[in-house]
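Student: Residue numbers (numbering that gives the first Met the number 0), protein chains in the order written: chain B, 0 to 348; chain Z, 0 to 348; chain C, 0 to 348; chain F, 0 to 348.
None of these hints come from the bench; they were simulated from the model. Some hints could be false.
Note that the list lumps identical chains together, so a pair holds whenever it fits in one copy or between two copies.
[To be verified] Below are the SDA-like pairs computed for lysine to any residue, each with C-alpha atoms no more than 20 Å apart in a straight line:
1. K303 - G341
2. K45 - A55
3. K3 - T25
4. K277 - G32
5. K51 - A41
Source: prediction; values computed, not measured.
Number of protein chains: 4
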Amino acid sequence: MAEKLPFASDYMDGMHPAILKRLVETNDLREPGYGFDSCCGAAAEKIRAACKAPGAAVHFIAGGTLTNALAIDACLNSSEGVVAASTGHISLHEAGAIEHDGHKVIELPQERGKLSAAVLERCLSAFFTDENRVYMTAPKMVYLSQPTEYGTLYSLAELTEIRALCDRFGLLLYMDGARLAYALAAAENDVTLPDLGRLCDLFYIGGTKCGAALGEALVIVRPEICPRILTLMKQHGALLAKGRMMGLQFDALFTDGLYGRIGRPAVEAADRLRHTLKTLGYELYMENPTNQVFVVWETSRLQKLGERVEYGFWETLDERRSVIRFATGWSVREEDLDALTGLLEEFRK
Amino acid sequence: MAEKLPFASDYMDGMHPAILKRLVETNDLREPGYGFDSCCGAAAEKIRAACKAPGAAVHFIAGGTLTNALAIDACLNSSEGVVAASTGHISLHEAGAIEHDGHKVIELPQERGKLSAAVLERCLSAFFTDENRVYMTAPKMVYLSQPTEYGTLYSLAELTEIRALCDRFGLLLYMDGARLAYALAAAENDVTLPDLGRLCDLFYIGGTKCGAALGEALVIVRPEICPRILTLMKQHGALLAKGRMMGLQFDALFTDGLYGRIGRPAVEAADRLRHTLKTLGYELYMENPTNQVFVVWETSRLQKLGERVEYGFWETLDERRSVIRFATGWSVREEDLDALTGLLEEFRK
Amino acid sequence: MAEKLPFASDYMDGMHPAILKRLVETNDLREPGYGFDSCCGAAAEKIRAACKAPGAAVHFIAGGTLTNALAIDACLNSSEGVVAASTGHISLHEAGAIEHDGHKVIELPQERGKLSAAVLERCLSAFFTDENRVYMTAPKMVYLSQPTEYGTLYSLAELTEIRALCDRFGLLLYMDGARLAYALAAAENDVTLPDLGRLCDLFYIGGTKCGAALGEALVIVRPEICPRILTLMKQHGALLAKGRMMGLQFDALFTDGLYGRIGRPAVEAADRLRHTLKTLGYELYMENPTNQVFVVWETSRLQKLGERVEYGFWETLDERRSVIRFATGWSVREEDLDALTGLLEEFRK
Amino acid sequence: MAEKLPFASDYMDGMHPAILKRLVETNDLREPGYGFDSCCGAAAEKIRAACKAPGAAVHFIAGGTLTNALAIDACLNSSEGVVAASTGHISLHEAGAIEHDGHKVIELPQERGKLSAAVLERCLSAFFTDENRVYMTAPKMVYLSQPTEYGTLYSLAELTEIRALCDRFGLLLYMDGARLAYALAAAENDVTLPDLGRLCDLFYIGGTKCGAALGEALVIVRPEICPRILTLMKQHGALLAKGRMMGLQFDALFTDGLYGRIGRPAVEAADRLRHTLKTLGYELYMENPTNQVFVVWETSRLQKLGERVEYGFWETLDERRSVIRFATGWSVREEDLDALTGLLEEFRK
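Start from the sequences, fold in the hints, and give me the full structure.
Tutor: Here is the structure:
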């Protein structure tokens, strides 16, 4: 029986060959634990350089939810909350991790997965003029994701505007970059790593979905906003004895500009897939310029599709239709894309 | 200089005379602590009778936020959340108390402060069919307030429908009755205490805003849903050594049907005030049948009003206008209402 | 059948007559809520004067556990813990309230309920020289109680020494004064309210067990250590709408030096009771100079005692013996003490 | 300049060659995420077989602190606590992770790092007969580590006795096996994996310190004690997208009995080192039969030692002496041990 076509997600593969090579090369080294090893050191240095953030602290953490929980818990006291789009990963798909740490996620309406400066300003203005604000959770941080959960991107102009609001109201800006490589690889993207280093207070550069086996790099631009971060990492279970396992991966990802390139095949494949779908008359649920393709699909025909392709179920749209996701990764294969194109034609008949 | 007219809230007074009398009468008794005294016992018995909930556990707690936090924390485990209107007291005005205990408040759109069965059903259906729900906070309780934060009421039909949804999806129904006496006193109300005892899993009967000095009566209809409740009360700081101070107040409030009557003058005064406002051409922000009156007021004229009346600031409506609240209490005085009427006429000229 | 003799605790009574009088007098006032009323204002002013702490913030909270939880949570961030005697109220009898808020109670060995400077210094020195301290909870506050849970007292010299350690290691000093009136009334006590205002960063003056119906006065000597305290009070459910109910009680307690006097009858009665017990050959479990009397009692004879006296069970000492507590309160009656003396003689035969 | 001798810890190396081989072999597979891959499946099956626990749920988690926090949080409600030795890893060296989740660690006195059945029974008996237990954290789980933080071992008889206490008092038994391979390899050990599967409710098999790059295998013998465990893993940040990275490592560790063998060289080296130390007249701080060697060392000579050897600082013993640790790992080299022996002789002169 033929294998199904692999478009379920961008984390189905192992490591990028360059990472695997580095792992094999460094396996026999004896190194200090807890992130004090030479791999983490080298990776941090390269990330600081890539982000033009020479004073940043860089910590490697095993997954995105843990990174978000840690970053938010480290920056907020218990009367403060984090503002996020209602479709933000922390709002919906982290099983209440932020609230488990005692912090409210102040969810705002979004458009195409994005929080607009206008909506944010309305929220912040309302709070800071509310005579009852002493009895309310104070917004202290803005959480964005780049790309968003719908694959859309903030432009540099949009980010700059949100940063200005953060400055005006005294909030921190935090960016979840779980799929950042796919943002950096998108044609329409105009936000660079140095822009993040300049505009964000902290952000993370995703590894797990961008070629690594595991690991996210948390970049704290001004480390003084998170005192005792190592202790908090330990408390959150985010401090790995063999931190080197993540350091070496980011070292490889930030050698010779790999991270800037690694998402390109995925984005190009997704662009081609979007084109195919539209040509064939499928309805895209939401267009975006990165590696996730959201399509409207008749619910009754999902099973049939599932027999041939691994796809991601996204949400129920209405009584008859669902939204599904095809995701491409850095390792997408031409032949799989061709086969998917064939299949989509077949389903159209 | 004349005192300002007292319409800021329904908790500006001391105790109702019947309560004060009971307090003076019982002050010399020596009683066990922690709610095991005869006052708490008698009050609990009367409340069980009034609610036709003979098996209910009744606990007295010093304030509404603490009662909400305790009730929710006692019923949910850490992967479960509580569904509430986005304008619910727990959503907005308890400084993140629920999240501080680790639970997500799943905020839903509201209409006139109310959560509709239709909106609730959409949320619950979506969750229970979502293939990603294992990574999401599970809705386990519905939080309602009667009257709502906007003074509106759920009808018996509406409550019955929400209860049916809770049964269908396995959720608990919890009612915040901070101002319940004013609901019970409203002409259009058709939800009785026995209805709450029948439809809710737990609810609280408000004392502080309904004639008591302090205290809310948490009624847990089926005590088995909250095991070790005394320990949780202690942990939350909700177990008072002299619980009798709250027991005696509820004993008085539930003697000779006082609680059913105590809100009437307030509701009648509010009805009259709404009539006056409309007659004079003021814009009511939201009509409701209870003791809070929400009026649209020009922001630039708030200060002038504030020199003569104590009112509650509610929210900024737009650049020019605010929403304010006049609240009447059980002790509202005819002459104050007349004076407010005069003032409103004066401001209209 | 005769009533049992009332020595179970010091919170079996209602309010002190002077408090009841103030309550009746102020009941008809219309006052702002949430502690902004004139009663709270007056009480706070008197407390600041009594403690010679003119810059202190004073907040009234409904119970001791809630006050402890709030004070500790307001001062510590999540990587910091509070040091306490292993017999401290927060260590043992608050159902894990401090941990529920996310903070570790670092429990140290005690002697007669007290934490010694020597033990504390050893703990702090060990922590601050430990090369692994980055992976450990940092001690940030010392919790003491005066009197302790065993009725013993810290002397001024002892407190001064502990304060010096706090200064040296950068810790805050917090005092739980649930029964502070009985400390102030003890013959051997040399720690005054101004001493607390000078040596502690924050402390609370107990009301519930010292003549009030409910309420504890949290005195934050330097308010800047607890920013956004009102929001945290709200979040903890510690902000009562009718804060005046506690303000008026402390206003009465701090008028004409009542608080300094109110514990005397209790302490004198306890002294007399200790003398009786020793004369009759009973074994005191632990001597102390305040209002709690701890006696070793044969477990098999507890039931018989319980038929005649209300006492407090303290702990199982060994297979044969238990520790029980007789507590006297501000309202102790000569005739009850005489009757208890008679009974103790009878039991000795 | 010569490299220092590597005895700082057992997590300085990369992966065991057999693991690296498996990683390279499986890197090109496309696999489902979140632990649903074939590697995790195979590893879980082998672990269930090795532990003779056919109904167990096995989950792979990135580190020990996270595993402990998750296991404890999943089993306890908020009024329940976990009993542990005062030297337990969760008591001391996890930065308050358990308390951060809201649970009290009930710390008991230990001997040589071990909790004795006698001490445990005293604690549990006292609690369950204490009339005030309703106001106390209820012990609901016993936390042990095998080997302990001092390298000592529980015997089968000791474990059986503790299990009986757990049964008698209704507690769960949880075992932290961060270094379990070194216990299994010790000559005096008589506790097998099937014993753990029979006596514990849940336990974890350590990978990070036993040859893996990262990962611990949490074995929940009766999965019904932890409902919604995947959601809790997500909430704790413990659910890795590429769970396969841990699955493949445990698959290798549990192939051909590797896990049972992997600790032997380390334990033999440690035995030899202990013998050398004693022969040379050094004082062992605490003898134990596993891979950690604790030696008393003059504090003033630590620096000199540190120039030649990587060792672990353990604690300050007194004003003059410290306790240090030499740890051997699965990859210990004969020549390093010889060199350390030479150095120890040299220091003795």
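Student: Looking back at the numbered hints, which does the structure fail to meet, lowest number first?
Tutor: Violated hint (a single one): 4; every other hint is consistent with the structure.
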